[in-house]
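Here is what each chain is made of, one letter per residue.
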Amino acid sequence: MTSASIKLASVTKTFDGKVVAVDDVTLEIGAGEFFSLLGPSGCGKTTSLRMIAGFEHPDAGRIHVGGRDITDLPVHHRDMGMVFQSYALFPHRTVAENVAFGLRMRAVSKPEIERRVAAALAQVALTGFEGRRPSQLSGGQQQRVALARAIVIEPRVLLCDEPLGALDRKLRQQMQFELKELQRRLGVTLVFVTHDQEEALAMSDRIAVMSGGRVEQVGTPTEIYERPRTRFVADFIGEINLLDEGARPRALRPEKIRLVPPAGARLAGTVETANFLGGATLYRVNAGGRTYLAREAHSGERSPRAAGDAVGLAWNDADVVSLES
Amino acid sequence: MSAVANRKPFDAGRAAYLALNLLLLAFLLVPIAIILVFALNPTPYISFPPVGVSLRWFVKFFEGDDFMRALWLSLWIAACVLVLSIVIGGACALALARGNLPGRAFLTAFFMSPLMLPAILTGLALFQAYLLAGIGRPVWGLIMAHTLVAVPYVLRTTLAVLHNFDRRIEEAAAVLGASPARVFFEVTLPLIRPGVFAGGVFAFIVSFDQFPVSLFLVVPKGETLPVVLFNYMKFDLDGAIAAASMVSILLALAVVVVLERLIGLKAYVKL
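Line order of the protein sequences matches chains A and B. Take 49 as the starting number for the first sequence in my numbering and just add one per residue. Take 732 as the starting number for the second sequence in my numbering and just add one per residue.
Because the hints were derived from the structure by calculation, they are not lab data. Check each hint, because a few of them may be wrong.
Quick look at which bits of chain A chain B covers, simulated, 3 or more residues with Cβ under 8 angstroms [to be verified]:
(1) 125-139
(2) 210-220
Sample of chain A residues facing chain B (criterion: CB under 7 angstroms; computed from the structure) [stated by the list, open to error]:
(3) F83
(4) A101
(5) R154
From a predicted model like this one, the values you see are computed outputs, not experimental measurements. For each residue, glycine too, the CB sits at the ideal point set by N, CA and C.
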């Protein structure tokens, strides 16, 4: 399967002449990359994806796929796969007919369709479900059918609009692994829209964090997490301590703060609450009139500190990140 | 060891609820039962209690030239109305639900208005309009009139289906390479079909039973079954009327059952 790069050049989309959904977004997504658009609802991530798919036409800017300008190409000529949050399976067709749909539209011969449908269903571990109707499948199985239907046409680009959003937590985690593994195996360029920062961090090669129709930061999961550029990104991705406000706020992740004996510590304070998280404990520590979040991983012994205990806080200056306001 | 019977205590609310439902059911079905009794009772006038069982009124109905001509005309008209109202009502519903038309609420109300208007007014208005236009009273004029009052039924059931339609399904088809026309025929149409045909069943029955509109628009020797039955009742009130009513009821039922078997009115949609 050949994969294609995607380029959005200064793309803008306004709805009803006033709501700016996507505001001058420029992105370059490499061929074969697992690329996430991450942000809260209304940040423009879904609209961006829908413009790549061709459901929306940008008011300004161009979209290129594989070096070719596809801005004015109709949806059905774009040769992309897409997976929706609501699965969007054809309820009046069987699993096999759903998967075969894209091949039928391409006038592929019947034996070839049969072979490729069987292969696609095998890819998503649904062999034997050919004759079922979507209504007879669980949510996870339906999403697998949707995935098979999208990859069977061997798209150069696979677009996923919160595909795991409707699944429960356990199943979502399993599907995260499966989707990531499938993407690697196929080598397809995958654009993944999500509001779930853990999901984006776990799966992506690179992430674009969006807010208010604009791209706040693009980077690898490590970069986004360790070196957030703006206050929004720092805040949206996990928990953060803002050390000082103002024009150049500085931030520190909770796990970079160590709890030490109060004597000789950088700051001395008291534990307000201790939330046991399983593999770690998240402390709220009051020191110098402010509250700090500190996450301490459990390494063998159960953490001894409880609410009311006096503790000291310590961290390395190298771990402090300077943010644009 | 004996099983403990979980006898529920007598529930007055539930009993009243059941009684009310039985009463409503009786109100719906008892008149039909009475018609059946009269249709099978051999006396030449409507009387109770019945004195026996005979099929003479059915024979009279099926052997009467006027009855048979009217029955076939009514069936033929109802079939035409079914097809026309499905096409027009379905297309209308799609335009209203999808077309981004200005004044959509007004247009919907306008197309639904034959339902609000007394049918006798519609009949009278059409009679005068046909007269002024010099059309006269041809059968196609009657078909058009029935279609006018039948379209709102198709419109309403189709709009209901379209309202619950997940448009992502159409988008999924488009992204898989289906042109707009193929999306319509492969996805949209099959998914709204149960709603359209459910409306079509109503359209058929509305036409087949239509009296007030037909009254103004039929010509002598070209009357529909309800008009013929009405005229017959003015002079004779015998079991033939009851037999004709039974035949009408069974025919309407047959249409519903056949459409249900062919298309599955319940498939994919909850109406």
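- Numbers of the earlier hints that this structure fails to satisfy, in rising order: As far as the earlier hints go, 2, 3 are violated by this structure, in ascending order.
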